[in-house]
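Use the sequences and the hints to build the structure in full.
The numbers in our numbering rise by one with no breaks, and the one at position 71 of the sequence shown is 115.
Please keep in mind that the hints were generated in silico from the structure rather than gathered at the bench.
Glycine included, every Cβ here is placed at the ideal spot set by N, Cα and C.
Be aware that a few hints might be false.
Unchecked claim - Okay, the calculated beta carbon distance ranges per label pair: (1) ARG111 / GLN230: 38 to 46 Å; (2) ARG111 / TYR214: 29 to 37 Å; (3) ASP207 / ASP163: 30 to 38 Å; (4) PRO96 / HIS202: 29 to 37 Å; (5) ARG140 / LEU83: 15 to 23 Å.
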Amino acid sequence: MTAAGDVSPLLTLVNRHPLGTATELPDGTVRLEFERDYLHDVHEVWRMITDPARTETWWAQVRGEAREGAAFDLHWLNGRPDPLPWWQGTVLTAHRDAVFTISNSEHGRLEFDLAAANDGGSRLRFTADVALSPLEVATVMAGWHVHLEHLHDALDGHPVRWDTWWDAWYPLWERLNARYEKRLLQD
Numbered sequence: 045m046t047a048a049g050d051v052s053p054l055l056t057l058v059n060r061h062p063l064g065t066a067t068e069l070p071d072g073t074v075r076l077e078f079e080r081d082y083l084h085d086v087h088e089v090w091r092m093i094t095d096p097a098r099t100e101t102w103w104a105q106v107r108g109e110a111r112e113g114a115a116f117d118l119h120w121l122n123g124r125p126d127p128l129p130w131w132q133g134t135v136l137t138a139h140r141d142a143v144f145t146i147s148n149s150e151h152g153r154l155e156f157d158l159a160a161a162n163d164g165g166s167r168l169r170f171t172a173d174v175a176l177s178p179l180e181v182a183t184v185m186a187g188w189h190v191h192l193e194h195l196h197d198a199l200d201g202h203p204v205r206w207d208t209w210w211d212a213w214y215p216l217w218e219r220l221n222a223r224y225e226k227r228l229l230q231d
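Here it is in structure tokens:
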């Protein structure tokens with residue numbers, strides 16, 4: 045939001061990508077699913093998802109490596125007022141430039157499925173299978189939506205400034221959370 049109260053940049057970001065979907069699975073977990081198209085090739089998106097030096101520009105700090113069976117622990121950087129803990133993770137699948145799947149103690153099973161697009165860019169299908177209460181679904185969906193916005197920006201050379209995240213991004217998260225809540229109530 046600008047100093048004059050102009051919310052148009054925020055609204056542009058809220059509407060830049062479609063909302064994700066939520067589906068309850070037979071085991072009681074919820075599958076959150078998002079699709080994004082990027083102008084960047086599959087290899088560049090893969091590196092942003094799997095390289096610990098790059099994940100910090102849009103997602104989280106990582107301890108580990110993108111190798112099947114290896115640790116891939118996550119530490120969110122937007123915690124306030126206190127830092128968030130490290131969440132333990134393990135790489136389940138690491139098919140270079142295609143599919144990256146991890147299991148995480150806090151966020152469940154996360155899968156990044158990449159495909160090349162005809163324009164030289166790429167399509168990402170992101171799913172999170174996670175145990176959530178009905179009240180948590182919109183909150184978590186808004187969070188992943190914002191992280192995928194961060195990925196879009198980081199790919200374009202604009203990494204997240206975590207020191208100003210609450211002022212710059214929390215208002216967007218609030219609007220997205222309200223949209224997800226509204227849609228989930230309609231379903």
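Here is what the structure says about each hint:
no. : hint                        : result
1   : ARG111 / GLN230: 38 to 46 Å : 42 Å, holds
2   : ARG111 / TYR214: 29 to 37 Å : 35 Å, holds
3   : ASP207 / ASP163: 30 to 38 Å : 35 Å, holds
4   : PRO96 / HIS202: 29 to 37 Å  : 19 Å, violated
5   : ARG140 / LEU83: 15 to 23 Å  : 21 Å, holds
In this structure, only the earlier hint numbered 4 is contradicted, and the remaining ones agree with it.
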